[in-house]
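K.L.:
Going by our numbering, the sequence shown opens with residue 347, and the numbers climb by one from there.
Just so you know, the hints here were simulated from the structure itself, not pulled from any lab data. A quick note: this is a predicted structure, and the numbers were derived from the prediction, not measured. Some hints could be false.
What the hints assert, rightly or not - Below, simulated DSS-like cross-link-like pairs (lysine-lysine); rule was C-alpha separation at most 30 Å, straight line: (1) Lys472 <-> Lys482; (2) Lys465 <-> Lys482; (3) Lys472 <-> Lys382; (4) Lys382 <-> Lys426; (5) Lys448 <-> Lys472; (6) Lys465 <-> Lys382; (7) Lys426 <-> Lys472; (8) Lys448 <-> Lys465; (9) Lys465 <-> Lys426; (10) Lys382 <-> Lys448.
To be verified - Distance ranges between label pairs, derived from CB positions: (11) Pro402 <-> Pro380: 41 to 47 Å; (12) Val410 <-> Asn430: 30 to 36 Å; (13) Pro380 <-> Phe496: 19 to 25 Å; (14) Asn430 <-> Asn403: 50 to 56 Å; (15) Ile452 <-> Glu495: 35 to 41 Å; (16) Asp355 <-> Ile392: 19 to 25 Å; (17) Gly381 <-> Glu433: 20 to 26 Å; (18) Ile356 <-> Leu436: 17 to 23 Å; (19) Asn389 <-> Leu351: 19 to 25 Å; (20) Asp480 <-> Glu429: 33 to 39 Å; (21) Glu358 <-> Asn403: 35 to 41 Å; (22) Ile452 <-> Phe496: 32 to 38 Å.
Glycine residues also receive a C-beta, built at the ideal position from the N, C-alpha and C atoms.
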Amino acid sequence: MANELNSLDIQEILSLLPHRYPMLLIDRVIDFTPGKSLHAIKNVSINEPVFTGHFPNQPIFPGVLILESMAQATGLLGFKTVENRSENELYLFAAVDNARFKQPVIPGDTMHLHVEFLKERRNIWKFAAEARVDGKIVCSAEIMCARREF
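Between the sequences and the hints, there should be enough to build the whole structure, so can you do that?
P.N.:
Here is the structure:
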C-alpha cells in the first residue's frame with residue numbers, strides 16, 4: 347500500500363499541472379519519491395472524445411496520448427522534486443527517444459505510468475518512462491522535459 351504522504355489526489359494534480367479536460371491525462375499518483383520516481387494512473391474510458399475518431403469501430407487510445415500521459419507524469423515528478431519552485435514554472439515536453447509500443451490500450455484499461463528521473467543538465471530533465479496495463483508494458487520511452495519560467 348502506498349504511503350498517503352507520497353500520493354497525490356486529483357486536486358493536487360490540478361494545482362501542479364496546467365492541463366485541463368480533455369488534455370489532463372493523469373487521474374492519480376499512487377506513489378512518488380522526489381528526485382527518483384513516480385507511479386501514476388490513467389483510467390482509459392470509452393467516454394473520452396478521442397474515441398469518436400480513433401477508431402469508431404475499434405477504439406484504441408492513441409500512442410501520442412500515451413506518450414503525453416508519461417510526459418505529464420514526469421512533470422509531476424519534476425514539480426515534487428524542486429523545492430521553492432516559482433508559481434510561473436512549467437515543464438515542457440522537449441524530446442522523446444526510443445519510444446516503443448508493445449500492445450494497444452483500449453477503453454476499460456488502467457494505465458500505470460512509471461517514470462524514473464535519470465539526470466538534469468541546464469534545466470533539461472531526462473526520464474525513463476513506461477506505461478503498463480495489467481502488469482504488461484504497453485509503451486516505453488526516454489522523455490526529456492525543459493524546465494522553464496514564464
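K.L.:
Please go over all the hints and tell whether each is borne out by the structure.
P.N.:
Hints, one by one, checked against the model:
Distance restraint check for Lys472 and Lys482: the Cα-Cα separation of roughly 23 Å lies within the 30 Å cut-off, and the hinted pair is therefore satisfied. Of the supplied pair hints, the one linking Lys465 and Lys482 holds, its CA atoms being roughly 26 Å apart against a limit of 30 Å. As the CA atoms of Lys472 and Lys382 are separated by approximately 11 Å, the hinted pair is consistent with the 30 Å bound. A threshold of 30 Å between alpha carbons decides the hint, and for Lys382 with Lys426 the separation of about 10 Å falls inside it, so the pair holds.
This hinted pair checks out: Lys448 and Lys472 have alpha carbons roughly 22 Å apart, not beyond 30 Å. At most 30 Å may separate the alpha-carbon atoms for a hinted pair to count; Lys465 and Lys382 meet this at roughly 10 Å. Distance check on the hinted pair: Lys426 and Lys472 sit about 15 Å apart at the alpha-carbon level, within 30 Å; holds. Only pairs whose Cα atoms come within 30 Å are accepted, and Lys448 paired with Lys465 is accepted, the gap being roughly 26 Å.
Annotation: proposed proximity of Lys465 to Lys426 holds, straight-line Cα distance about 15 Å (limit 30 Å). The suggested pairing of Lys382 with Lys448 holds, with an alpha-carbon distance near 25 Å, which does not exceed 30 Å. The hinted range of 41 to 47 Å is satisfied by Pro402 and Pro380, whose Cβ atoms lie roughly 42 Å apart. Remark: the range hint 30 to 36 Å for Val410 to Asn430 is upheld by a beta-carbon distance near 33 Å.
Between Pro380 and Phe496 the C-beta distance comes to about 23 Å, which sits within the given range of 19 to 25 Å. A hinted range of 50 to 56 Å for the beta carbons of Asn430 and Asn403 is consistent with their spacing of about 51 Å. With their beta carbons about 39 Å apart, Ile452 and Glu495 fall inside the hinted range of 35 to 41 Å. Checked against the hint of 19 to 25 Å, the C-beta distance between Asp355 and Ile392 comes to roughly 24 Å, which is consistent with it.
In this structure, Gly381 and Glu433 meet the distance hint of 20 to 26 Å, their C-beta atoms being roughly 21 Å apart. The hint said 17 to 23 Å for the Cβ distance between Ile356 and Leu436, and at roughly 19 Å that hint holds. At roughly 23 Å, the beta-carbon separation of Asn389 and Leu351 lies within the given 19 to 25 Å, and the hint holds. Checking the proposed 33 to 39 Å range against Asp480 and Glu429 shows it holds: the Cβ atoms sit about 36 Å from each other.
Judged by the Cβ atoms, the range 35 to 41 Å given for Glu358 and Asn403 holds: they are separated by roughly 38 Å. At about 36 Å, the beta-carbon gap between Ile452 and Phe496 stays in the expected band of 32 to 38 Å.
When the structure is compared with the earlier hints, no violation turns up for any of them.
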